[in-house]
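Enquirer: Respectively, the protein sequence lines represent chains A and B.
Taking my numbering as reference, the numbering of the first sequence is continuous, increasing by one, and the terminal residue is 287.
Taking my numbering as reference, the numbering of the second sequence is continuous, increasing by one, and the terminal residue is 436.
Accuracy of the hints is not assured; some may be wrong.
[To be verified] Computed footprint of chain B on chain A, listed as stretches where at least three residues anywhere in the stretch have a Cβ under 8 Å from a Cβ of chain B:
| hint | segment |
| --- | --- |
| 1 | 45-57 |
| 2 | 168-174 |
| 3 | 178-184 |
[Claimed, not checked] Derived DEER-like restraints, expressed as beta-carbon distance ranges:
| hint | chain 1 | residue 1 | chain 2 | residue 2 | range |
| --- | --- | --- | --- | --- | --- |
| 4 | B | Gln-211 | A | Val-262 | 55 to 61 Å |
| 5 | B | Gln-211 | A | Asn-50 | 51 to 57 Å |
| 6 | B | Asp-314 | A | Pro-195 | 49 to 55 Å |
| 7 | B | Gly-117 | A | Ile-118 | 54 to 60 Å |
| 8 | A | Phe-133 | B | Gln-211 | 57 to 63 Å |
[Unchecked claim] Over 12 Å on every C-beta distance to chain A, these chain B residues come out as not near it, computed from the model:
| hint | residue |
| --- | --- |
| 9 | Ala-163 |
| 10 | Leu-178 |
| 11 | Arg-204 |
| 12 | Pro-230 |
Think of the hints as simulated: they come from the structure by calculation, not from any bench.
For each residue, glycine too, the CB sits at the ideal point set by N, CA and C.
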Amino acid sequence: MSSNKIRWPSWPLLVPALALLAGILLVPLADTLIRSVSTPGWTLSNYSNLFTDGVTLTVLWRTAVTAATVTAAALLIGYPYAYLMTRVSPRARGILLVIVLIPFWTSVMARNFAWIIILQDGGPVQSLFEFFGADDVVFYGTTVGVTIAMTQVMLPFMVLPLFSTLGAIDRRLLLAARGLGSSPTAAFWKVYWPLSRGGVMAGVILVFTLSLGFYVTPALLGSPQESLVAQLLAQRTTLLLDFAAAGALGMLVLVVTLVLVAWANRMGGTMSAIGVVAAGRTEGRR
Amino acid sequence: MTTTPSTTVKATGSSPGTPSGTEIRLDRVTKDFGLAAPAVDDISLTIRPGEFMTFLGPSGSGKTTTLNLIAGFETLTAGTIALNGTDVSDVPPHRRNLGMLFQNYALFPHLTVAQNVAYPLRERKVPKREIARKVAEVLELVQLTGRDDNHPSQLSGGQQQRVALARAIVFEPRALLLDEPLGALDRNLRSALQAEIRRIHREVGSTFVFVTHDQEEAMNLSDRIALFNNGRIEQIGTPQQLYAEPETLFTARFLGDSNVFELGQAALDRSIVWDGESWGVDPATVAAHPGVRAGSAIVVRPEDVEVAARRDEVPPGANAVRAVVRDVEYMGSYRTLLLAMGGRGLPGRTRVSPLRGDYAIGDEIVAWWRPGAQRIVAA
């Protein structure tokens, strides 16, 4: 028996990560929670106010609708795109991947200002609509403009998990379905779509939860009259300094998000799909 | 095994008036992928109703492409394919009503065993009760009763292929196409499933087209074998015909072991001279293949080659060649002698009974055979 037989416990390796998480996540989160129920005095009024102030619920609903619209748009664009990525040559796949990833490598500010230029009054998009006779279409400062820009920013979070899931689907299953009597459409809906559902769930939940808390794009492209939850939070913390009310709102958004993630996990979409992306499609078609 | 499943399946499988098998006719079929040579090059072939036809050949010979053309997974470059006289060349695969078995099973991982087997019936809008009955019946036929609610990943490879087989025959397809279905299984499982496939072919009675590169599997299963080479059919016939009466050197070499004496453009007279030995020729053993005139070879199977210690022990009229024993392989019921034949030491082999004397490496012997046992083929 040599000395390398001695087994050191491996859990100390986790200490730095756990300490970091505790310091920057758990402590502030606990602080926020405590403040939200202890100001002024022990009370749940900060929470009940959310439902009675007449603003929060409207903003929450608007945020949910915007996030859902962004998610649907990202899915409609991302699914065919990810499918295409699985069907082209490795070289073309690389190019398609880079196109998706460019938003990741560009500053958030640069992207949003670019969208301002494109969508602003008198900008190219509005001019195009005017050319076709639609004179009263406004994007800048509206939820529509925010939705368009957010969809572009969120697209990678939809495409990457979808790509890893679709790439792992054995295409011979489609041939088998055709041979067993399915039209191409039936083969897609009965075989391909169910097998892609894990990736769809992962993408949907990622995009939706990220959209719920999105701040920069709505702040720059939206308007205070049509603000989303993140703007409301910022307003309550930086302008009104009402940390208790902001904390209550933050907790509400957190709970909604966690419930959604739990539901998605139960529906079979797993976050692990995201982890596969980095490795790419290691199991290629034979 | 009871006989119940066979009778029930027969009752549903061949309702009165329906022929039990389908004739598959390929007429001048070509598939060109735009590569150097067409994958399938002008093949004509008729597969008889109820026949077990095997497409045998090395990889890249066009056998799987031909099967995919029949299935409709590939489109024809030229020619026609007809099922029972009806041209289906332009019919999409899901309307050809053919069963297909793949090497990787291609079971739907998100469905249970029963749902997989029910899939083709659902696509045909068969009533629910009927589906349940047929699924139970066919699962009994492949001996998988009770595994209905398992998912494919919970089954072994052999069981998965049985499910795939059940799924491929449950809708009573016009024919069953099998694309190397046993290729992924180990040896014991292979022979068990071969027996199973033969039994099901007998019981269902429909046309089977089986693709393999394994000559033993082909010989074991088939009514007839079409041997593919470079996108063409080299020879077609019963396993016995292909083994005993090869037309070409390719066929002789692909099926079983052979001793091959290449003759070049030797005249095919009453006798032939090879390496100074003069051999008799039986006209009945000369292949009808037109290529024989251009170049030919003598093929003798190892089991037809006898061994003598000296020339004078060789019976009169036999063809003989001197040889040196290079190695002896003990195979249990027989021994194989690896030989170096003639002055140039051509490699050869013969089978001898273990009872008949001992042979050592380096022994000089005389190998001989009857002229009727040799075959003169196109080289």
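Enquirer: Against each hint, give a clear statement of whether it holds in the structure.
Expert: Results of checking the hints against the structure:
1. Only residues whose C-beta sits within less than 8 Å of a C-beta in chain B count toward coverage, and the segment 45-57 of chain A has 0 of them, not enough to reach three; the restraint is violated.
2. Only when three residues or more bring their CB closer than 8 Å to a CB of chain B does the claim for the segment 168-174 of chain A stand; here the count is 3, and the claim holds.
3. For the segment 178-184 of chain A, the stated coverage by chain B is satisfied: 7 residues place a CB nearer than 8 Å to a CB of that chain, which reaches the threshold of 3.
4. Taken as a hint, the range 55 to 61 Å is violated for the pair B:Gln-211 and A:Val-262, whose Cβ atoms sit roughly 29 Å apart.
5. At about 53 Å, the beta-carbon gap between B:Gln-211 and A:Asn-50 stays in the expected band of 51 to 57 Å.
6. Separation of B:Asp-314 from A:Pro-195 is about 50 Å and conforms to the stated range, judged on CB atoms against 49 to 55 Å.
7. The hinted range of 54 to 60 Å is satisfied by B:Gly-117 and A:Ile-118, whose Cβ atoms lie roughly 57 Å apart.
8. The beta-carbon spacing between A:Phe-133 and B:Gln-211, approximately 58 Å, falls within the hinted interval of 57 to 63 Å.
9. Look at B:Ala-163: its CB is around 4 Å from the nearest CB on chain A, not clear of 12 Å, so calling it non-interface is violated.
10. Its beta-carbon lying about 9 Å from the closest one in chain A, B:Leu-178 breaks the requirement of being farther than 12 Å from that chain.
11. In this structure B:Arg-204 is separated from chain A by more than 12 Å, as the shortest Cβ-Cβ distance comes to about 19 Å.
12. Residue placement check: B:Pro-230 does not keep its beta carbon more than 12 Å from all beta carbons of chain A (closest about 9 Å).
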